[in-house]
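J.: Could you slot chain Y onto chain U? The hints should help.
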Amino acid sequence: MRDFDYSAPTSVAEAVRLLNQSPGAGRPLAGGTDLIDQLRLGRHQPELVVDIKRIPELNVLELSSRGLRLGAAVPCSRIYSDAGIAQEYAALVDSARIIGGVQIQNRASVGGNLCNSGPAADSTPSLIALGARAVIAGPQGTREVPVEEFCTGPGKNVLHRGEVLVELRFPPRPANSGSHYRRFIPRNEMDIAVVSVGALVELDASGERIKSARIALGAVGPTPLFAREASSGLAGRSPTVETLTEAAQAAQAIATPIDDMRGTKEFRRHVTGVLVRRVLEECVQRARHPA
Amino acid sequence: MATANNDLRHTNGHAKYKVIGTRPVRHDGVDKVTGRARYGADIHPSGMLYGVVLRSPHAHARIRSIDTSKAASTPGVRAIVTNKDLLDPGNRMVELGEGAVNLRHLNHNVLAADKVYYRGHAVACVAADSIHIAEQAAALICVDYEVLPCVTDVQAAMDPKAPLLHADLFTEELGKIGTKPSNIAKHFRFEKGDVAAGFSKAKFVVEREFKTSTVHQGYIEPHNATALWNPDGHITVWCSTQGSFTVRQQVAELVGVPISHVKVVPMEIGGGFGGKIRVYLEPIAAVLSRKTGAPVKVVMSRADVFEATGPTPGSYMKVKLGVDAAGLITAGEAQIAFEAGGFPGSPVGAAAMCVFACYEVPNGKIDGYDVVVNRPQMSAYRAPGATQAAFAMETVIDEVCEQLQIDPLEFRLKNAAKEGTRRVDGPVFPRIGMYEATLAARDSAHYKTPLTGKHRGRGVASGFWFNIGLKSCCTATVNADGSVSLVEGSTDIGGSRTSIAMQLAETLGIRAEDVVPAVVDTDSVGYTDVTGGSRVTFATGWAAYEAARDIQRQLINRAAQIWERKTEELTYQDGGVSGPNGLRMTFQELAAEVQKHGEPVVGRGAVDPEGCGGAFATHVVDVEVDAETGKVEILRYTATQDVGTAIHPSYVEGQIQGGAVQGIGWALNEEYFYDAQGVMRNSTFLDYRMPTALDLPMIDPVIVEVPNPGHPYGVRGVGEVPIVPPPAAIANAIYRAVGVRMQELPMSPPRVLKQILAAIHTSSPRH
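Those sequence lines, one after another, are chains U and Y.
Each step along the first sequence adds one to the number in our numbering, with nothing skipped, and position 211 is 211.
Each step along the second sequence adds one to the number in our numbering, with nothing skipped, and position 285 is 1285.
If you're looking for bench data, these hints aren't it; they were derived computationally from the structure.
Among the clues, some could well be false.
With a cut-off of at most 25 Å between alpha-carbon atoms, the simulated DMTMM-like pairs for lysine to aspartate or glutamate come out as follows [said to hold, decoys possible]:
id : chain 1 : residue 1 : chain 2 : residue 2
1  : Y       : Lys1070   : U       : Glu47
2  : U       : Lys53     : U       : Glu144
3  : Y       : Lys1454   : U       : Glu242
4  : Y       : Lys1754   : U       : Glu246
Far from chain Y, by Cβ distances over 10 Å, these chain U residues were calculated [claimed, not checked]:
id : residue
5  : Ser22
6  : Asn188
7  : Ile192
8  : Arg237
9  : Gly263
10 : His270
A few chain U residues facing chain Y, derived, Cβ under 10 Å [as the list claims (entries may be wrong)]:
id : residue
11 : Met1
12 : Tyr6
13 : Leu35
14 : Arg187
15 : Ile254
16 : Gly273
Predicted, not measured: the structure shown is a model, and the values here were computed from it.
The beta-carbon is built from N, C-alpha and C at its ideal position, and this holds for glycine as well.
The shape of chain U in the complex, shown without the other chains (with noise of 0.2 Å):
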């Protein structure tokens, strides 16, 4: 491991000015979960690290009837543990819950998930599914990128030079809705998606009509990616397993996935199918019976 400068800065001015000027490459740290294996294994090799944990913004969790406005530092089991969250954001909860083991959800953030921009982080898919947008802070000032448009290749993302994610807002939860995220893993636990669907589903207030839906996928293409035909043609039809497979189907055309020691492409495609309809099923139940 290579040495590195680091700090620990309290502002969001401060930590864009820091890693704006620093001569070489900067990274900054959250949990450390992804960032300090990557520094050990020479993935990365930044001049600087910028301690992210002290910047009150980046530490917020309100939910309020505007939505959920969530610090990228937070980690996950702060998420999970706020029973308001868990009602309004399952799906978010879903993923937080699966992230690691408890000492790595006492530090891991969603921030820090969605910033490594792997195409299995377990928390994007929801993050889309729920209509998140991403607020980032850099040297030009403050802009919002939806989700799924935040990365761009495995470890890419829209982040420039200097520039910090800060927080990702949710919208409110829409009435008669369910969300939620799955994965296939060959373990039960401690393991990495080999496929995974977040999704939510908006159904009218008979419980008998889909209003809309929104499903995103993940470890089937580069990104996670945002299904959005699929979801779209989910709208005004009655959740029949009949409509949910054509959803699956409609999800399945969109993954790109790869052979790797993981899974095999067929494979992916196949459970991605199993598990969109999976996905919706407990979204629709969701909705009709809140927790």
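T.: For chain Y alone, kept in the frame of chain U given last:
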């Protein structure tokens, strides 16, 4: 007497014994749970340097040259070693205790000479003031490689057109050395009876092909070695090993000093399972210490452990079995090809001996092939070779049972090997417990409980392992307070300090807690072979028994002096010496007396026992398969095993559970995943998927005790055989659950799903 005693299945005590069969707290327990136990990486002699190994990025390449000049001139770098710094020990075989090794191959494996044979093969090592300097300097070593085509698959490597690993490797074909170089190091055959005649008597014949993947032992603690080469020529090595004396021998041979100049201090060991017998880092650390005059420590990363230590081979196997209308085996035929890794020497011999060993096979023929491939040099792993062979054989048996419409455990009872059965490879079994272990499975609550539910199935399989004896020594010193200090050379992996101490305690009639066991270095105890082959509780336990008998004799002599009696009049019984007219001194009284007058009492035991007795296990497993994803969930698992005598039932159960769990890992997800360039793509515990506690139900062990007549307390080795049945048992359960026969390990979700989809496709061709 000779049948399984159902009352003893959950032994809490043993009618015959006072200590054996109880569950005392292990002597090393407090140190282990408080973190005070010292492992190899905890060693920090003053002035210590850090070594970092440079490893080959290629699976197969010729080394044209190695330029270490840039690395050597880095500030803080103290020394660099390459193969040139090791002594060429010549083309000789030495026995390591659980398999022999060619010393020149060992030398070339420790540091590559003219070629690298696998990705991760060690090429050089840098010693520096800090680990970071050593890492940076290692990256500055320029190795000029001529990259060669690689072959990682055993069948592909057998093709005459395959890339050749060793130009000087000529196949030993049924005892004769061939004339053309080949990747097949050896082809051997075992035969018994008349195979053709046997198959002609069969009503059903099933022949199937199988493949298994390379799998790693997955011990928690990575390999490590710290060495100090004193100016007087004496070397001290601290390391994590299953056999301190075999490390002493290997280091002495590779660095060129007499064995008496090497002292090996075995530290606590975080698992071995057969993988910590061969040396990797110890000779490197020793030579770096010679060059620098300072102690040097080298520790592997997890990726190094996967890529460059000794996993167990992937295999290709074909098994053919014939049975008559009565359900008796008439003939068996097997071909078994094992990956040896970069150098010859896979455990295919053991696989060939085990494949039919559970059964009375009147006519048999077994062909074995040892094949070099561009993977790390394979090592022992818990019943080496037996698990692969059982996966093939026990799956074929399941198909045979289906055709015969016979319960698979009834079939096994009918055909079970027993005392007098001659194995296809020759040896005749003494009293063994295949029948009893299988009976216990059939009579288990698990097997008697019907399994219901969709996509659920129950499978069974049996397994055999030889176990070994080999040399062990103990000395035992009687202390004035009535305790005994027990010194032994067997590194303690599975609680053997306690199981050895218990045999000493039983023999002396004292409490297990009154024995203070210590595992010591090679200068401090007599020669002791490796902790392997399920031998320690059997052989070192026997040495402790002998040491206790020696103490008994000395205490009888002392009592005879005190009482002025002849020794023939006295006996040692019930924890003391008794004589005529009610003469009696307890062990504790005698111990106190010994301290006051006369020479100390020190017992010695040195053994090399035969008669280790084979071990047999039968497992029952229930699974549920997600038919849409191919994922297999283990619902219930029962493992029965003939253990001879369970000295410490908790550790016996622990061995059975641990073995079963490792076997489940082989069955479900564990594999070395290579890309076309021969690079392992999953050398982390994230992607090399061993089962976690969340993937398993409680493994229910059933202890069956058929005492081994070849041991004073009836002990059989227990550690290895429980890994043997699981893959086959699970394959058979999957078949019952979803109707597909899995013939390749691991039975991972993509593989199982593929079979399920193929079956759906073939069963409904009109759609």
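J.: Any of the earlier hints contradicted here, and which numbers?
T.: 6, 7, 9, 10, 12, 13, 15
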